[in-house]
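**Q** Residue-level listing of the chains:
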Amino acid sequence: ETGVTQSPTHLIKTRGQQVTLRCSSQSGHNTVSWYQQALGQGPQFIFQYYREEENGRGNFPPRFSGLQFPNYSSELNVNALELDDSALYLCASSLVWTEAFFGQGTRLTVV
Amino acid sequence: SQQGEEDPQALSIQEGENATMNCSYKTSINNLQWYRQNSGRGLVHLILIRSNEREKHSGRLRVTLDTSKKSSSLLITASRAADTASYFCATGIQGAQKLVFGQGTRLTINP
Numbered sequence: 001e002t003g004v005t006q007s008p009t010h011l012i013k014t015r016g017q018q019v020t021l022r023c024s025s026q027s028g029h030n031t032v033s034w035y036q037q038a039l040g041q042g043p044q045f046i047f048q049y050y051r052e053e054e055n056g057r058g059n060f061p062p063r064f065s066g067l068q069f070p071n072y073s074s075e076l077n078v079n080a081l082e083l084d085d086s087a088l089y090l091c092a093s094s095l096v097w098t099e100a101f102f103g104q105g106t107r108l109t110v111v
Numbered sequence: 001s002q003q004g005e006e007d008p009q010a011l012s013i014q015e016g017e018n019a020t021m022n023c024s025y026k027t028s029i030n031n032l033q034w035y036r037q038n039s040g041r042g043l044v045h046l047i048l049i050r051s052n053e054r055e056k057h058s059g060r061l062r063v064t065l066d067t068s069k070k071s072s073s074l075l076i077t078a079s080r081a082a083d084t085a086s087y088f089c090a091t092g093i094q095g096a097q098k099l100v101f102g103q104g105t106r107l108t109i110n111p
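Note that the protein sequences, when read in sequence, are chains H and Z. Once you know that position 108 of the first sequence is 108 in my numbering, the rest is easy, because the numbers rise by one and skip nothing. Once you know that position 49 of the second sequence is 49 in my numbering, the rest is easy, because the numbers rise by one and skip nothing.
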């Protein structure tokens, strides 16, 4: 158990809809990162939040957005869902440049 | 694009044998982390090795890092059926707040 929890575990959405995924970080960790993992691939970095500010972003369009709250929990929002957004979304919490601990992920299916 | 490349892509061995997986990367790193993933669920952190370290051990795991060759290896000794999983290396890139993952090695331990 890493102490990082994600909700929901599974989600089915229709193309064009919006989705919000949630992550509670491990106690004491001030950094949260989100990753997208397509089937059979390694995780791809979406963005990172440090003390409620975005602190780095991967090659994802602006319809992928996020928030970090004062308790360091985080949300990932995806607007105008596309079929290619179907993936496992992983949240990781850490202190800067230390081990990153991942949650169990949210499996998003877009139909 | 993914910086890390794991080799081999798939590995199948008998229980009790040792398993070695390799990871190569392209740019300067701050650290390198190895993860295990079972059946497309969350990533389990195995070990972190910093750029100024050459070798680390944790239980049956041994990780080496050669920054001159931009490569790392993960050795699992006395493998068990429960070690069956996908293994990923992830590099912490200097100057960037993210982990860059390879495609992973699928390890199968046969009883």
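I should point out that these hints are in silico values taken from the structure, not numbers from a laboratory. Careful: at least some of the hints might be erroneous.
Said to hold, decoys possible - Covered stretches of chain H, as calculated for chain Z (at least 3 residues, CB under 8 Å):
(1) 49-56
(2) 98-110
Claimed, not checked - Pulled from the structure, derived: some chain H residues nowhere near chain Z, Cβ distances all over 10 Å:
(3) Q6
(4) P8
(5) F64
Beta carbons are placed, not taken as given, at the ideal position from N, Cα and C, and that holds for glycine.
**Q** Could you run down the list of hints and mark each one as holding or not?
**A** Do the hints match the structure? See the list:
Counting residues of the stretch 49-56 of chain H whose CB lies closer than 8 Å to any CB of chain Z gives 3, which reaches the minimum of 3, so the coverage claim holds. With a cut-off of 8 Å between beta carbons, the stretch 98-110 of chain H has 9 residues touching chain Z; three or more are needed, and the interface restraint holds. Residue-level check failed: Q6 of chain H sits 8 Å from the nearest beta carbon of chain Z, not beyond 10 Å. Separation of P8 of chain H from chain Z is adequate, the least Cβ-Cβ distance of about 14 Å exceeding the 10 Å criterion.
Every C-beta of chain Z lies more than 10 Å from that of F64 of chain H, the closest at about 14 Å, which supports listing it as non-interface.
In summary, the structure is inconsistent with hint 3 from the numbered list given earlier, while agreeing with all the others.
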